[in-house]
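Chains as they are written, first to last, in this note's numbering: chain A, 899 to 1129; chain S, 1159 to 1433; chain Z, 1205 to 1333.
Hints are not guaranteed to be accurate.
[Said to hold, decoys possible] One side only, chain Z facing chain S, incomplete, derived with CB under 7 angstroms:
no.	residue
1	Tyr-1294
2	Glu-1296
3	Met-1298
4	Ala-1299
5	Pro-1300
6	Val-1303
7	Gly-1306
8	Ile-1307
[Stated by the list, open to error] With the Cβ distance kept under 10 angstroms, some of the chain Z side facing chain S (calculated, not the full set):
no.	residue
9	Asp-1222
10	Thr-1225
11	Tyr-1229
12	Trp-1256
13	Trp-1266
14	Val-1269
15	Val-1304
16	Phe-1310
17	Leu-1311
18	His-1314
Derived by calculation from the structure, the hints in this document are not laboratory data. The C-beta atom is built at its ideal place from N, Cα and C for all residues, glycine as well.
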Amino acid sequence: MDPDTAIGGPHGQFPSTRVSLLEAVSAGVPNEALERVAGLYWKPVYRFVRRKFGLNNEDAKDLTQSFFASAIERDFFGRFDAAKASFRSYLRMAVERFAAGQYTAARRQKRGGGIEFEPLEEESAAGESAEQLFEREWQRQLFALALDDLRVYCDESGKSLQFQVFETYDLAADARPSYAAVAAQYGVAETSVTNYLAWARRLLRGFVAERLRGVTSGERELGEEMRRLWT
Amino acid sequence: MDVSDRVLDHLRHVSALPDLTGTRYDLECEIGRGGMGVVYRARDRQLGRVVALKVFDPALAGEAQVIAQIEHPGIVPIYDSGALPDGRAFYAMKLVTGARLDRYVAGTVSLAERLRIVRRIGEAVGFAHRRGVIHRDLKPQNVMVGEFGEVYVMDWGVAAVAGTPGFRAPEACLDSRSDIYAMGALVQFILPQSSPPALRAIAAKAMSAEPSKRYSDAAAMLADIDRFQEGLAVEAWAEPLWHRLERFGSRNAVLLWLLGAYAAVKFAIFFLRNL
Amino acid sequence: MNKILVGLIFGVVLGALDGATAWFYPETRPVLGGIMVGSSIKGMVVGLLSGWFARKVRSIKWGIVAGASLGLLFAYIVAVMDASSGKSHYLEIMAPGFVVGGIVGFLTQHMGNPPVNGRAETRIDVGSL
């Protein structure tokens, strides 16, 4: 889709353990936690800073990259208080503070004149604010990663047919075919189509939950984010 | 893999659908979202009828379990319960066909009918209170009026919900008096623009900021509404004298007219004879 | 208290009071006692019959009509009896008698206990009376 976002953190990596974010950090492996967070949040942060601060592609990429790169130095995880906000909100606010800090430094370097970077709060044609955009991109990336997980799982466990049925129906870009059409396409019964879809969707839900668990502080926040996701 | 907006919305929707394999229900469609979870329309294969399936996170169940043990015409009967493969739980209950209260009263509904509905709600709430169950989130969106005029109070005892602004009592800890507050707010909501001061006073008393100033229970509030409907004085309202006379007049209208006729006849004859 | 008794009591009392209003006509004062007795008896009869009617028919409207009719009828009888002794007072007797009959009819419908088996033989909806 957008070649600008081709550079991203490492993603497509199925979390090998089911530990939550805080557990990973307190176990002393902040890098692993950072990889998970970057994998999910890179694109959303990029889009967010582009919209919120009116940056061009290069500046937005630089800002996003430096945000994640300096996260550990700035004790990003250590300062997170699960009682106050979700990790998602905390991260977004940290990005805003980080970006504001960058501009202050940049402005100090320029002596008068030059272009001032003003935070732009313009709404898109669809009436979405930068914050709403951030959340939507986060959801998009979450599902994209979960879909990758599902595909890998199906390939490895010989359920390619099920995945193809799922892909044909649920991932259809335009009008969705009827169950009968899908059944005919793959030479299976319609009831099988129903069953495969139910199975794949259930698994997808599970993978989404797993990805979420990796970037939340614990069961309570996980539950809240899950509910929020599906409201 | 890039996911378009359309596909994203679709996936969010379908991955939330409960997987009902292993149960005797077939999913039909989503009908609404309550405080505790999502409600779907489903078909019970065994009995061949349509039911409402409420799917929720068992950790949030709160007091909802207790309501399943209560039977009352104003409380939706629960037929079945179980667990789903993805960890969620469900209740199968009667599918109420009718209108939600906020939509029902938006149409032309007489005052008598509105008060009838309030009475049904009060009876259900009072009944539940006597069995130790508090609703905590009483509001027009949680009341259904069925096609035969029956009234159901739904979504009981959800612990996690913070309540709804306008209907949630000010105190921090919710108990039966908070439900009374909500009932007052409900009466206020349900009443037409120009409603008698006695009814507004009843609602105001139920919504007193101080819980001890509210009605002690639902039955007390309904009793006051009864008194209003019978043309008697209402506990909640200190009525001015002229209103009291007006009330007396309308209650005894026929008799007063007859006595007036008698007096008129006597006077008329008297003056006729003495012209 | 059953309806017949209600009719009896109110009939007598209201009849007496109605008779007492003859006091405002000085020429009747000498025979005021007799007027009151007669009026009470008239009231009692009207009351008894109205009460009986109320046991059979439950309708405020028809109760008033029945009572008023009975009141008119018996007032007429009394007026005829009175006229035989000289000056006629048909209007003074029948008009109030009509209204008092209506009042007694109303009271027997409104008050008192209906027959023990709980149902009247006919029941007519009152409407907005």
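> Against chain S, with CB atoms and a cut of 7 angstroms, does the hint on Tyr-1294 (chain Z) hold up?
Replying inline: violated, 11 angstroms
> Measuring from the C-beta of Gly-1306 (chain Z) to each C-beta in chain S, is the shortest one below 7 angstroms?
Replying inline: With a minimum Cβ separation of about 6 angstroms from chain S (threshold 7 angstroms), the hint on Gly-1306 (chain Z) holds.
> Is the shortest C-beta separation between Leu-1311 (chain Z) and chain S less than 10 angstroms?
Replying inline: holds, 8 angstroms
> Would the hint on Trp-1266 (chain Z) stand, with a C-beta cut-off of 10 angstroms toward chain S?
Replying inline: Violated - the Cβ of Trp-1266 (chain Z) stays beyond 10 angstroms from chain S, reaching only about 13 angstroms at its closest.
>> A closest beta-carbon separation below 10 angstroms is what the hint needs, so does Tyr-1229 (chain Z) meet it against chain S?
In response: With a minimum Cβ separation of about 8 angstroms from chain S (threshold 10 angstroms), the hint on Tyr-1229 (chain Z) holds.
> Can the hint on Asp-1222 (chain Z) be confirmed by a CB-to-CB distance to chain S that is less than 10 angstroms?
Replying inline: holds, 8 angstroms
> Going by Cβ atoms only, is Pro-1300 (chain Z) closer than 7 angstroms to chain S?
Replying inline: Because about 6 angstroms separates Pro-1300 (chain Z) from the closest Cβ in chain S, which is inside the 7 angstroms limit, the hint holds.
> Holds or violated: is the Cβ of Ala-1299 (chain Z) closer than 7 angstroms to a Cβ in chain S?
Replying inline: holds, 5 angstroms
>> For the restraint on Phe-1310 (chain Z), tell me whether the closest CB of chain S is nearer than 10 angstroms.
In response: holds, 6 angstroms
> Would the stated hint for Val-1269 (chain Z) survive a check requiring a Cβ distance to chain S of less than 10 angstroms?
Replying inline: violated, 12 angstroms
> Can we keep the Glu-1296 (chain Z) interface hint, with Cβ of chain S closer than 7 angstroms?
Replying inline: holds, 5 angstroms
> When the nearest CB of chain S is found for Val-1304 (chain Z), is that gap smaller than 10 angstroms?
Replying inline: Hint on Val-1304 (chain Z): holds, closest Cβ of chain S at ~6 angstroms, below 10 angstroms.
Of the hints listed earlier, those the structure fails to meet are numbers 1, 3, 12, 13 and 14, in rising order.
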